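J.: Sequence:
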Amino acid sequence: MSENSPQTKSTFERLNDSMKSSISVRLFFIAILSLILLIPASMVEDLIRERSYRKNEAVHRINNGWGLSQEILGPVLTIPYEEKIITKDDELLITRHQAHFLPEKLDIEGDLVTETRYVSLFESVVYNADLAMNGHFSIPDFSNWNIPLEQILWNEAYVSMGISDMRGIQEQLNLNWNGGEYLMDPGSNNRDMVASGVSVRVPLDIDTTMESYRFNLRMDINGSEALHFFPIGKETTVSLRSEYPHPSFIGSFSPDKREIDNSGFDAQWKILSLNRNYPQQWKDSDNNIGGSQFGLSLVTPVDDYQKATRSVKYALMMIAFTFLIFFFLEIRSGKRVHPIQFILVGLALIVFYTLLIALSEHMGFNISYLLSSIAVTALIAMYFQAIFKKLRMTSILIAVLTLMYGFIFTTLQLEDYALLIGSIGLFIVLAIVMYLSRRVDWYRLSRSSSE
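The working numbering puts the first residue of the sequence shown at 2, with every later residue one more than the last.
Hints in this document: simulated from the structure, not taken from any laboratory.
If you're wondering where the values come from, they're calculated on a predicted model, not measured in any experiment.
Some clues are possibly wrong.
[Stated by the list, open to error] Within a straight-line C-alpha distance of at most 30 Å, the following computed DSS-like cross-link-like pairs (lysine-lysine) qualify:
1) K56 with K314
2) K235 with K284
3) K284 with K106
4) K336 with K390
5) K89 with K314
6) K56 with K308
7) K106 with K314
I would like the entire structure built from these sequences, with the hints used as guidance.
T.: If you want it as structure tokens, here you go:
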């Protein structure tokens with residue numbers, strides 16, 4: 002073969018020549034590269050999910066050792082009775098049943114003392130609740146059920162309390178019943194309604210003129226995440242106070258009154274039996290108590306992982322717009338940017354998110370965002386200056402990146418208005434691109450590039 006014969010160019014060399022000579026190819030490359038960089042962006046999302054999972058595990062370990070979310074149900078008065086049936090064979094069949102009665106009045110007052118506990122880098126808010134419960138039951142009435150009085154086992158009556166996580170109980174539970182003190186025991190015979198809790202037998206004197214059975218109970222209990230109550234009284238009132246400033250009121254009923262400030266909160270509920278869908282008394286398991294609970298959740302005011310995940314959603318916009326700025330400044334300067342240089346800039350934009358996650362685990366999200374954006378902006382700006390060696394154009398790039406990171410940060414802070422702000426932001430970005438390209442003669446650029 003002659004030494005002067007042309008050599009066949011490799012695919013990479015042909016692609017490189019096309020990038021130099023064709024604006025359309027460069028724009029196509031920028032679009033494809035922006036989409037390809039979504040792959041490492043999705044890997045960053047996986048990293049955020051993995052770190053969030055680790056946080057949830059750590060929080061569960063903290064809460065599990067202290068006390069989980071608590072649901073308080075009761076007190077409920079239960080009276081066993083017998084039902085006698087004569088079979089076809091003239092045999093007497095005796096079956097045992099239970100009648101359940103809810104209090105006429107139930108008042109609960111509580112003070113919550115919160116504490117932040119840590120495992121490694123992660124934290125959880127736990128609480129100790131000092132609850133005072135008092136009220137009264139009406140005299141049990143079996144007349145609507147046509148149950149003979151002699152079949153009612155008055156001497157086996159008991160009061161039960163449902164407590165979802167028994168490990169949180171800090172002191173013995175003493176029920177004051179009509180002036181008498183009764184120590185409540187773990188476990189309940191009322192399994193159809195109280196799966197976990199305490200109970201105690203109480204005396205019922207039906208031969209007196211007593212109109213009601215009065216009770217009061219004090220409970221010292223640990224828990225975490227949330228505290229729920231059930232509105233089982235014909236009239237139920239709950240008053241809770243705490244120095245915790247970020248409560249979230251959850252469940253079937255919201256507080257009638259609430260005061261929340263930086264010094265804590267004070268909330269009161271008043272719920273009538275008419276507000277729920279079950280009666281004041283029933284037999285056996287014929288109840289529909291589940292789903293009527295209400296209370297509060299001790300939420301962490303800022304979830305850094307959630308904000309980081311939302312910030313990654315804007316990765317494509319950030320990458321594409323940065324590449325477009327590079328492209329327009331490239332046109333203005335007349336100097337070409339190599340595909341490898343585009344890739345390095347794109348990777349720098351992705352590294353922003355890993356920096357954000359890593360720093361936010363040691364300091365606040367806002368300061369982490371600031372430091373990460375400054376670091377990445379400085380890195381890209383210095384790289385740009387090394388390529389183009391034009392300070393004015395570098396200043397434009399710094400200003401654009403600063404505005405972009407500031408726009409995304411504002412969107413993250415205003416979650417309820419994220420769609421509105423995002424739409425306005427995209428409109429502004431499109432307007433800027435149209436403005437920058439208004440005087441570009443694309444045909445002339447294509448001809449000069451090919452030449």
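J.: Against each hint, give a clear statement of whether it holds in the structure.
T.: Here's how the hints hold up against the structure:
1. K56 with K314: With Cα atoms ~21 Å apart, K56 and K314 stay inside 30 Å; holds.
2. K235 with K284: Distance ~18 Å between K235 and K284 Cα, so the pair holds.
3. K284 with K106: Within the cut-off at roughly 20 Å; holds.
4. K336 with K390: Within the cut-off at roughly 11 Å; holds.
5. K89 with K314: Given pair K89, K314 is violated - Cα atoms ~73 Å apart, limit 30 Å.
6. K56 with K308: holds (15 Å)
7. K106 with K314: Status violated; Cα separation ~52 Å.
The structure is inconsistent with the numbered hints 5, 7, although it conforms to all the rest.
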